[in-house]
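Chemist: The listed protein sequences derive, respectively, from chains R and H. All the letters of the first sequence, read from the start, carry residue numbers 77 to 277 under my numbering. All the letters of the second sequence, read from the start, carry residue numbers 77 to 277 under my numbering.
Hints may contain errors.
Same chains, same label: a pair holds when it works inside one copy or across any pair of copies.
Claimed, not checked - No more than 20 Å apart at the CA atoms, straight line, and that leaves these computed lysine to aspartate or glutamate pairs for DMTMM-like: (1) Lys-117 - Glu-129; (2) Lys-98 - Glu-158; (3) Lys-216 - Asp-204; (4) Lys-195 - Glu-253; (5) Lys-145 - Glu-162; (6) Lys-127 - Asp-108; (7) Lys-98 - Glu-151; (8) Lys-127 - Asp-103; (9) Lys-127 - Glu-173; (10) Lys-115 - Glu-262; (11) Lys-145 - Asp-227; (12) Lys-98 - Asp-108; (13) Lys-216 - Asp-154; (14) Lys-127 - Asp-154.
Rather than coming from a laboratory, the hints here were simulated on the basis of the structure. Computed from a predicted structure; not experimentally measured.
There are 2 protein chains.
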Amino acid sequence: MTDEPADTELAIMEATFEAVCKHGYADVTMQDIADEFDKSKSLLHYHHHTKEELFGAFLEHLVDQYEEKLDDLVEGVDSPNERLREFVNWFTVGPEETERTSLHLALLEMRSQAQHNQKVREQFRRSDSLARAAITTLIKEGQAAGSFNPDADAAALAQLCFVTMDGARARQVTVDETGYASEVAETLLELIFEHLDAPGE
Amino acid sequence: MTDEPADTELAIMEATFEAVCKHGYADVTMQDIADEFDKSKSLLHYHHHTKEELFGAFLEHLVDQYEEKLDDLVEGVDSPNERLREFVNWFTVGPEETERTSLHLALLEMRSQAQHNQKVREQFRRSDSLARAAITTLIKEGQAAGSFNPDADAAALAQLCFVTMDGARARQVTVDETGYASEVAETLLELIFEHLDAPGE
């Protein structure tokens, strides 16, 4: 039974995920989260006193999951070009991915309010650093393998890839234009591969 | 006195601007806007019945201003390279630009809630189209002048420029990292100029 606090915390995170996807971040209440949580509301309040505090923990949980996902993302893909392409295309959100769309909308709301919440801001910085580090590694591996121009600035290109696809995804989920992010991904990859002296396919 | 309704509407837009910069979009109330408005609160309610309706009109007003700004932005700058550089760098927000930072934070909040408000969503699409059209024109003018590779896809590059800098600005205003957007602008311009067979300076 030593896992019980961790199980409870995980159940709270899952309830928060469900509630925020349904109601959005601005409108979601502790009661909405309690409604998704099959244990007592007092247990929720015992673990997290305020919505701000709960959301700091929730975002940390999401970024932990993101970190694991980043490790697996290009598993089994061998060519450096394909690994980079896979990574960049991961940021596109398909029209059928309604839960993922809702989550990214809620994350945008949280981000627009990050200046009020130090812990939330730190987690956004952390997820940004993780994604940039993962792309930097992909590019450096491609350079080491002789597939990419060794003189290119891997960190600067990783920052460009991240911020472009983050912006494209935000644009797509908010104004709901199917295909926007994948169009951007194509142009971005064309310019990146050109800069890396690498064939596009 | 035929200008009175237009003057009143402009005063309402200015009051909304002040209130949203102070309180943010999620938290601002009609009362906060009335507090910034030196005419009567009933006049505000007469013009705009709900916060949603007022914000649809407010965003339209901002996009109108944006459209005028886009026309003037590269006025007096002759070289196609410098015009593109000027445009891309316009998206960076300096740490001293506190009002502009507040406005972009409020716009991000509005955008994250755009799926609930058709008029807001339309205005975001309109501002996106305007910016992309302006960059497309800059690139096509550079192609016509022989400065840029005529085979490059001006519209795709314009979309990339817009979404990258929009994402970089959003990132910078939310996690408050000075210099982030200008670093991204440098890398973006390097790749764009390379693709356009144009010297970077």
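Chemist: What label fits Lys-127 with Asp-108 when the C-alpha limit is 20 Å: within, between, both, or neither?
Modeler: within (11 Å within a copy, 24 Å between copies)
Chemist: Checking an output row: Lys-145 and Glu-162, CA cutoff 20 Å. Within, between, both or neither?
Modeler: Within one copy only: 13 Å inside, 38 Å across.
Chemist: One pair to classify: Lys-127 and Asp-154, alpha carbons no more than 20 Å apart. Within, between, both, or neither?
Modeler: neither (43 Å within a copy, 53 Å between copies)
Chemist: When no copy is specified for Lys-195 and Glu-253, does a C-alpha distance of 20 Å or less occur within a copy, between copies, both, or neither?
Modeler: Result: close only across copies, 15 Å inter versus 32 Å intra.
Chemist: With identical chains treated as interchangeable, where does the CA-CA distance between Lys-145 and Asp-227 reach 20 Å or less: within a copy, between copies, both, or neither?
Modeler: neither (29 Å within a copy, 39 Å between copies)
Chemist: Pop the pair Lys-115 and Glu-262 into one bin, within, between, both or neither, using alpha-carbon distances up to 20 Å.
Modeler: neither (46 Å within a copy, 52 Å between copies)
Chemist: Is the C-alpha distance from Lys-98 to Asp-108 at most 20 Å within one copy, between copies, in both cases, or in neither?
Modeler: For Lys-98 and Asp-108, only the intra-copy Cα distance (9 Å) is at most 20 Å; the inter-copy one is 28 Å.
Chemist: Give the relationship of Lys-216 and Asp-154 under a CA distance limit of 20 Å: within one copy only, between copies only, both, or neither.
Modeler: For Lys-216 and Asp-154, only the intra-copy Cα distance (14 Å) is at most 20 Å; the inter-copy one is 39 Å.
Chemist: Using 20 Å as the alpha-carbon threshold, which applies to Lys-98 and Glu-158: within, between, both, or neither?
Modeler: neither (35 Å within a copy, 46 Å between copies)
Chemist: Checking an output row: Lys-98 and Glu-151, CA cutoff 20 Å. Within, between, both or neither?
Modeler: Close neither inside one copy (32 Å) nor across copies (47 Å); limit 20 Å.
Chemist: Given a CA cutoff of 20 Å, do Lys-127 and Glu-173 count as a within-copy pair, a between-copy pair, both, or neither?
Modeler: neither (27 Å within a copy, 30 Å between copies)
Chemist: If the cutoff is 20 Å on CA atoms, where do Lys-127 and Asp-103 land: within, between, both or neither? Let me know, please.
Modeler: So Lys-127 and Asp-103 pass the 20 Å test inside a copy (11 Å) and across (15 Å) alike.
Checked against the numbered hints given earlier, this structure breaks hints 2, 7, 9, 10, 11 and 14; the rest are met.
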